[in-house]
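> Residue numbers (my numbering), protein chains in the order written: chain A, 1132 to 1292; chain B, -15 to 57.
It is possible that some hints are incorrect.
Said to hold, decoys possible - With beta-carbon atoms standing in for the labels, derived distance ranges:
#1 A:Pro1207 x B:Thr21: 28 to 36 Å
#2 A:Asn1271 x B:Val25: 37 to 45 Å
#3 B:Thr21 x A:Glu1273: 48 to 56 Å
#4 B:Ser(-2) x A:Met1279: 32 to 40 Å
#5 A:Glu1195 x B:Val(-10): 21 to 29 Å
To be verified - Facing chain A, according to a computed beta carbon distance under 10 Å, are these residues of chain B, among others:
#6 Glu(-6)
#7 Thr34
#8 Ile51
#9 Ala53
#10 Pro55
What the hints assert, rightly or not - Taking beta-carbon pairs under 10 Å as the criterion, some of the chain B residues facing chain A (in silico):
#11 Arg(-11)
#12 Ile1
#13 Asn54
#14 Phe56
Because the hints were derived from the structure by calculation, they are not lab data.
Note that CB positions come from ideal geometry on N, CA and C, so glycine has one too.
Chain residues, written in single-letter form:
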Amino acid sequence: MKALSWTRRKGLKGLLLAGISGMCLNSQFAHAQRMNSGRLLSLEDMVQPIVRGDKLVKKELQIEAPILADNGSLVPIQIQVQSPMSEQDHVTHIYLLSQRNPVTQMAMFQLGPWNGSAGVSTRIRLAGTQEVVALARLSNGEFRYNQMEIIVTESSCVDAS
Amino acid sequence: VNIARVQWPENVRSGEIVKVRLLIQHPMDTGYLQDFTGKVVPRNIIRVLTCHLGSQEVFRIEPSSGIAANPFF
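Let the hints inform the model, and build the full structure from the sequences given.
Quick look at the structure:
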């Protein structure tokens, strides 16, 4: 009987130790990534390197993405710009910008009048809850944007996928 | 192995808007993550992807590390 309880105690101790060391390991991994994803860029900071003071309006651009994304490593997103896509009036670029990612410009798409509609869809990585900005440059030099907050429960920058 | 898969509609009429879908098998390593031995996984990113129709470039994508692994466009 005595021997039995002794092994049980030992076993419990072992479990506890394993738990604590696991936690330490975890925090070490989290620290090891030299990420500065704590800072949040303002809209101006995100947009101005591309817009450079040109006309910027918030209209006729739709972002379709989940409001709550379980996994930041894979967030499906669709951008649709209302544009006739004619020779005179078309969308030339679509930018996807992130507020928190280490690389602000997530992707750039180049389009032209030969594209039937100004829409793109892809899957992005997000380092935590943030505003995602879609920016479109029109052929007349004007910029359109829209933003959407996506809540990310698991950041892309913690797990190794 | 299929590295890239492209999908488009079977029958395309002239003047019709066609959606072409592309799925690439690519790790898109950001260069920020470390593997279990503590080594930094080097950056491995698709930089430019172009789509041509005949001789004309009709679509161009410049992804960055913000695009998920196995990118889909």
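> Output the numbers, in ascending order, of every earlier hint that fails for this structure.
6, 11
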